[in-house]
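Engineer: For reference, the chains in residue letters:
Protein chains: 4
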Amino acid sequence: MKVRVGINGYGTIGKRVAFAIAKQDDMEIVGVTKTKPSYEARLANKENIPLYAAKQEFVEAFEKEGIKMAGTLEDLLTKVDIVVDATPGKMGKEYRAMYEKAGVKGIFQGGEEHGIAGISFNSFANYHEAWGAQFARVVSCNTTGLIRTLFPVDNVFGTERVFAALVRRGADPADKKGALLNAVEPTLKLPTHHGPDVQTVMPWLNIQTMSVTAPTTMMHIHCVTADLKKKAKGEEILSVWDNTPRIKFVSGKHGIKSSAQIMELARDLNRPRGDFMEIIVWEDGVKVVEKTLYYYQAIHQESDVIPENIDCIRSMMKLEKDPLRSIRKTDRTLGIGK
Amino acid sequence: MKVRVGINGYGTIGKRVAFAIAKQDDMEIVGVTKTKPSYEARLANKENIPLYAAKQEFVEAFEKEGIKMAGTLEDLLTKVDIVVDATPGKMGKEYRAMYEKAGVKGIFQGGEEHGIAGISFNSFANYHEAWGAQFARVVSCNTTGLIRTLFPVDNVFGTERVFAALVRRGADPADKKGALLNAVEPTLKLPTHHGPDVQTVMPWLNIQTMSVTAPTTMMHIHCVTADLKKKAKGEEILSVWDNTPRIKFVSGKHGIKSSAQIMELARDLNRPRGDFMEIIVWEDGVKVVEKTLYYYQAIHQESDVIPENIDCIRSMMKLEKDPLRSIRKTDRTLGIGK
Amino acid sequence: MKVRVGINGYGTIGKRVAFAIAKQDDMEIVGVTKTKPSYEARLANKENIPLYAAKQEFVEAFEKEGIKMAGTLEDLLTKVDIVVDATPGKMGKEYRAMYEKAGVKGIFQGGEEHGIAGISFNSFANYHEAWGAQFARVVSCNTTGLIRTLFPVDNVFGTERVFAALVRRGADPADKKGALLNAVEPTLKLPTHHGPDVQTVMPWLNIQTMSVTAPTTMMHIHCVTADLKKKAKGEEILSVWDNTPRIKFVSGKHGIKSSAQIMELARDLNRPRGDFMEIIVWEDGVKVVEKTLYYYQAIHQESDVIPENIDCIRSMMKLEKDPLRSIRKTDRTLGIGK
Amino acid sequence: MKVRVGINGYGTIGKRVAFAIAKQDDMEIVGVTKTKPSYEARLANKENIPLYAAKQEFVEAFEKEGIKMAGTLEDLLTKVDIVVDATPGKMGKEYRAMYEKAGVKGIFQGGEEHGIAGISFNSFANYHEAWGAQFARVVSCNTTGLIRTLFPVDNVFGTERVFAALVRRGADPADKKGALLNAVEPTLKLPTHHGPDVQTVMPWLNIQTMSVTAPTTMMHIHCVTADLKKKAKGEEILSVWDNTPRIKFVSGKHGIKSSAQIMELARDLNRPRGDFMEIIVWEDGVKVVEKTLYYYQAIHQESDVIPENIDCIRSMMKLEKDPLRSIRKTDRTLGIGK
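Order-wise, the sequence lines are chains L, A, Z and E. The first sequence runs 0 to 337 under numbering that gives the first Met the number 0. The second sequence runs 0 to 337 under numbering that gives the first Met the number 0. The third sequence runs 0 to 337 under numbering that gives the first Met the number 0. The fourth sequence runs 0 to 337 under numbering that gives the first Met the number 0.
Among the clues, some could well be false.
As the list makes no split between identical chains, a pair holds if one copy fits it or if it spans any two.
[Said to hold, decoys possible] Straight-line alpha carbon distances no greater than 30 Å define the calculated DSS-like cross-link-like pairs of lysine-lysine that follow: (1) 337 to 290; (2) 1 to 229; (3) 22 to 67; (4) 228 to 67; (5) 228 to 1; (6) 175 to 229; (7) 22 to 228; (8) 337 to 229.
Hints in this document: simulated from the structure, not taken from any laboratory.
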């Protein structure tokens, strides 16, 4: 029998998780929630995904617009084994209580604090920590990106110290909130939360971060530098990453010089939604000077955590013991296998 | 036997035409040309699309990079019935001579002048004009957009006069040429070329245009106003368009308020490359005041001319006499049928 | 004795009105209000402009930050003859009651409805309407822009009908609210409010408008077309505007091709704040085809209404009977005289 | 007698140097050169700055447009003691030969390589190196920015190692070349040239850099981290900078959160052209963790090197022996003194 999954919040992350679950043979979507009768709610109807109102009071607005509803979140919770909570950041606490009461497991996203679940999850670094757990948190897109490339490097070469400067996208493509049209804005509170957030998964890592927000909708770009314990050559680093799932190389020499061209490549590869769930590393933007590694990576903020959500369900629902088998299954079904 | 098609120029338009032809049962891609060993050339190799160098002198650069070449444009021309010329604007003349010498038909794009072919093509307005022709030009994305909505309105209600203000995207998403980051730039030469360009297909239409360029990569937006001959209601206009292929409605009330949200919808609908080959009309942005119609439409500059290229091949190669049958076949195969 | 002016709201418009009043010999700034201890409040302190809290409850926050306050808005109202209300749009009603109670005159900005004052003001078109009035509204930056160029043209050549497509800036340079980073967004409600707003000043004008918002912080750009009653040549139109204050020509031929280059010119001319209080018309972007005039104009949204505020004070306070004398005085003192 | 200065290239830097020299009592502008009859050439005419054609062949184009010319660059060179070369990058070599032949001194900008002059200049770090020299190069805006804050910190606390991630503006406000509208582009060649460029002035500094380009016209933003030799507190660092000319603090707490608000402040302070010639440091964006310092700074790319050009003239022309006296004089005359 398939694991029955509900998705609370059918937005940027929620709709991608739904799409990914539909590709799996060991889990299925039971329903998704929405707060407003937007075009996304209409699409759920068209695709025959049962739609639930996040609260009873929202039902009327949907019905007025002729959108078919299957009930409310409370109804949905009676039918599922696990909920992927893809609600906007900082709303998790309220929902956690509902999940607990309904006796269902819950996965939160990186917009929530570590404390909401006590377990912060990455498929490579700590798959087993979520084994059978009631709650876990898949870390944010930026944190996932840092862990994906740093974990294997730390594993093979060791790291003394890591510093990353994150250039964050101002808003998602269709998102109207909050970025200045023509400005760069630093995150003044130092060190930024990204370092400690990586440490929720890799507590031994000595990492500091700074970040700025740029007026683009296309990917986060990281400038990373790491002091290694062992000497390494650039090719050795590349070789480690080449053998790591969910890391993809691009090359400036082939004309992929910016985040826009990376996203163009995703379209040309006919990736669903033009997403890149892998972390993108410029192979001609990696350099080791003595024992210090420098590299650039690009993070597709809308999608890189999707495979982690699938793996996290497997770990929490005890569907697959071997992390690498889960990772490979997820990647094969999502078309991102190496 | 399938019509054998070559594509000269495997960029924004060329790669989409190749994708569209691969979906047809009455034509096939014989090869595409490229001038540089970019990642797009690599992709052609991966997808087993025979790759030709636009000129002999380019071959070496490809081979150095390990890209497999099938020959040069001259070789390609010996193997095809018709070429879709998707080279950058203003290079058509030179190529036209080559096509003529090789005895193959040629379709040019809207970056070339009308005179290059003497026939400017739109599937609805003048399918038969290209019947059996040696050369034709598919008009530009903006012109195609204006014709798609104006032709049926003019047909049913008549038009005294049309004025359109075009807000053009500054550059395509991965394109690095020429737009100011934070500015709007008017096309000072008045009237702009768009009106006369519409008249190459609809010579009877009294149309004037102005245009500005905005710092966005997302679609052209048209503000159109037309004085009608007959009275009409907004719903009647919408009904005419609803019955016209390649026009799609969106609604601000459902949350589709800008070009970004339109493109997001294309992604959510899992359209290849996130393209919208239809002209997008806001159904709540149409108004008739007395006999004057006002409406907004959005043009996906990268893709709206693709179906026209397919139909144009059919007309020039005498594959299908009935325009509507060609249009429906194209639309069904491309997943944009109504 | 100078007219005593208070400014309610020391933001984009308020600080510019203060700057302009400081240049006049027949009026003086008594104080300005602020709601938060921002850097602008600090600047007011530095420049010895008496600062008042918009409400009593805000005073503490200022004092905590060491900002010197002269009292509250209520205190300010006891000391002035007239208030320029430069508060954010739609807050005017509440304030109007306070001004009325305090027995002071009030000028509202274009973010408020016509009804708030019953008189909508433009220096050229209806200076006398505000004569001695208790309340008046200076129309918005876009409306002011349309009136400045249309009023003289209508005066000399007559107009049958005007249509304008407005390409609005998404946000002011340092403003973080609400524009999409990479999108164009039409104003779906048609006709847009700009036409009726022009008619609050020129009720006889037959004008329709559409508008879109573009992701730029630099100026609104208008595409205007007007059917004239009398034949005219382009040069005649230019000559009329050349003789009209507050209209400035630029030329694409001299390299001023976009809104960014216009603003660069303002900087090069050492205009305070890099503002252009004039309406900018491209002299090589004006064309008359038969009796229809086409032109582009650029509106500096932050500053074009400033001189109108000064003139409006003069009219309401009966300081100067002759509109042209007020206009010339204002322009001379602000360095924008012809 | 005043030192006679010519400016070769009257663009972004050239026009600002001209403006700055006009404020000095020990030097004067003899003339500026231009290659095209742009609006900037017209402005030079209006301001009575003698205008010279960069080459004889350009003269005709100016005269056709009615722009008054005083001769060619060759003529200008006969009348000056020193030239400030503000021509576009990589053209310096050709001009250097002309200056040498004419027997005049020359100052190059940061777009040229160190080798062109053999001396790379910063007012604080190595004023005396340019003493009496025939050629010197004022380092680029980014390099100047790094030196201004790092030199005093290195001086007082010592540095083991510095790393900076530079987020560069894509283009200047009115510049149409080369930035993608919606993308971030890393400088793949590592380490980027900025570190070595700092070392042309501070050869002892152990500094590495990475950089990306963002789609903004507003300032470069630097994320800097430095391992100090001595322990320091944040306030001590701030105190050192507070005592250093040409460093200005802003505070996020006062609402200055991004590059756009910094530039807005420059406008509010009525700085000529809205420029900030100082390096801007967020005082609430400075942090020391153990011996590692983190800070953000913002560089106004159009203007920060202007005072350095003035000081460099003084050093090369032996006008003032004491660097600090030159710096203070420059700053006082330019309105940026502390």
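Engineer: Work down the list of hints and note, for each, if the structure agrees.
Structural biologist: Hints, one by one, checked against the model:
1. 337 to 290: within (29 Å within a copy, 43 Å between copies)
2. 1 to 229: neither (45 Å within a copy, 61 Å between copies)
3. 22 to 67: within (24 Å within a copy, 35 Å between copies)
4. 228 to 67: neither (59 Å within a copy, 42 Å between copies)
5. 228 to 1: Close neither inside one copy (45 Å) nor across copies (60 Å); limit 30 Å.
6. 175 to 229: neither (46 Å within a copy, 40 Å between copies)
7. 22 to 228: This pair counts as neither: shortest intra-copy Cα distance 41 Å, inter-copy 54 Å.
8. 337 to 229: within (27 Å within a copy, 48 Å between copies)
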